[in-house]
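J.: The listed protein sequences correspond, in order, to chains A and B. Taking my numbering, the leading residue of the first sequence gets 1, the next gets one more, and so forth. Taking my numbering, the leading residue of the second sequence gets 331, the next gets one more, and so forth.
Quick caveat, the hints were computed from the structure, so don't treat them as lab data. It should be emphasised that the depicted structure is a prediction, and the values quoted were computed from it without experimental measurement. Heads up, the beta-carbon is just placed ideally off N, CA and C, and yes, glycines get one too.
Pairwise CB distance ranges (calculated): (1) A:G235 - B:S574: 27 to 33 Å; (2) B:M529 - A:S254: 38 to 44 Å; (3) A:K133 - B:D415: 46 to 52 Å; (4) B:I536 - A:V179: 54 to 60 Å; (5) A:P299 - B:D498: 33 to 39 Å; (6) A:G153 - B:E572: 51 to 57 Å; (7) B:N391 - A:K207: 43 to 49 Å; (8) A:A224 - B:N391: 37 to 43 Å.
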Amino acid sequence: MAENSGILVNCEVTGGRLAPIATELLGAGSRLAPELGQELSAILIGSDISGLAQETIAYGAKKVYVVDEPSLKDYSTESFLMVMEKVVQQAHPAIILLGQTSSGRDLGPWLAFRLNTGATMDCMALAIDPATKRLLMTRPVYGGNAQAVQVCGTDPQIAAVRIKAMAPSAKDDTLQGQVINVEAGIDSASLKTKVLERKIEATAGIKLEDARVVVAGGRGIGSASGFQQLEEIAGLLHGAVGATRTPCDAKWISNSQQIGITGKIVSPDLYIAVALSGASQHVSGFFSSRVIVAINKDPEANIFKVAHYGIVADWKTALPAFTAKLKEVV
Amino acid sequence: MKNIIVCMKQVLDPEIPLSLFHIDTEARQAIQPKAMPPVLSPFDENALEAALEIKDIQESNVTVISLGKKLTKAVVSSALAAGADRLVILQDEAFGEFNTYLTANAIATAIKKLGQYDLILCGLQAADTNTGQVGTGIASILGIPCITAALKVELDNDKVRVEKALPDGYEVIEAPTPVVVTTTYEVGALREPGVEAFMSAAKKPITTWNARDLGIETGNTGRFTMIKMDAPAHESKCEILEGSSSEEKAVKLVTKLKEIKVI
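Modelling step: build the complete structure from the supplied sequences, incorporating the hints.
T.: Below, the structure written as structure tokens:
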């Protein structure tokens, strides 16, 4: 049996395009592969996605395995796992990189158990140990209160990587690579799960993960109408509104706007934290933001240990003045 | 009669204030402070609630399995007070918090030992390790499907219907039992037990097994090694803007943001 070699990146496709996480993983792979003296390859799974193979090569993949079939249009654990296993058998990579995304969180563990290896989830940093040549994977634990560095002693080493943790590679259309088309070969009779219905909420306005500015509210906002003030600020700054878990639980805001270790991870230029204490499960979701600003009436709140700028003030009196001044300057 | 298994992990309280949170860098794990007792991992409590809601409407036997190095009876048996029928404690020096494969293998082996089962419920991810792998691992070892991130779980004859969270919505998935489902908090908060519940809980059976009772290997498979763990220092680098009123502070803040060109 051939020895495991190379880095295989799972390139997710959303809305017919390479997802940003795909370019970030290719960026990480492009930097790690030379340290191993090994090759970077990618896998594209979906329907009508063959056209993306060249772009994947432009982002650094030397080989792209394309599995293009109508039945793969939407992600489903069973079929995507079957396909990935098939490609992994062909490619026998030493390292598999996935996004810490809805699908990555399923595929990572499934692949690990199927391939008798380990998966390390929610990685924020990756490096190659110069002595052992094993992948060093850094990830948050205890809700983000601590950081762990893990190593997998078996191949392939599987890492699910946080979005925006890695810099994407620069696109170079002159790069050459090989496209390998793989038949999915899925026996649909063997699939046990069936999707009966799919309901996607169209996001009004800017998606949280893409927003340059995020205005987030916590328990202190107290009501759905309170969040309207945050909406106004977000509107002025062309940003999006997020929340900690309490407002989502209380239905003051949609669950899809939750930011944190079990919600969305964001990395905007500006994160304005209003009336939220800064518990680590939430902080985990935004700590890599460029500038973090806090408005909280409790001077001891943890958020002030995380923010770059802050004011100790009750949001009810501070926000109207904040908004009025914003209208003057932007 | 439906047999439902709920996997519940005892963890360091995720609400722990930072002043009490310390990492033993040698042992590579958090130190359990006396001042703040451990709790059942929050998503696992949601998983138990999902099981109990099924039990509310159809005849079911709910078994809770809890695995760890050293479990606190009062903590894990609270599941019995909430309404579970039986508790199985898997306790062994080898059962560390972070060993995903060993945990999944031990629990899957215990489940096989217990006999017939229709549905296995786990929390989406444990509040200490935050990996979200064990549910899938159990399914993989038992050769059954796993549906993760459930917002809602319904058990109907020999099928399970799950509303699964998607990044921008949800999908409804159906699968034949037996199946593993991992739950988000949206399946519901765990009910508060009444006084009689605590009294009857004391009569419910508790079984304790170790690795030898399960007949499993606990040696290092090489699948994962914790090289290092530390808590990053929390020094504040925050510039607090002062003022004589909230309004004045707010205005200063906007001015500062404009100054540093972030708006």
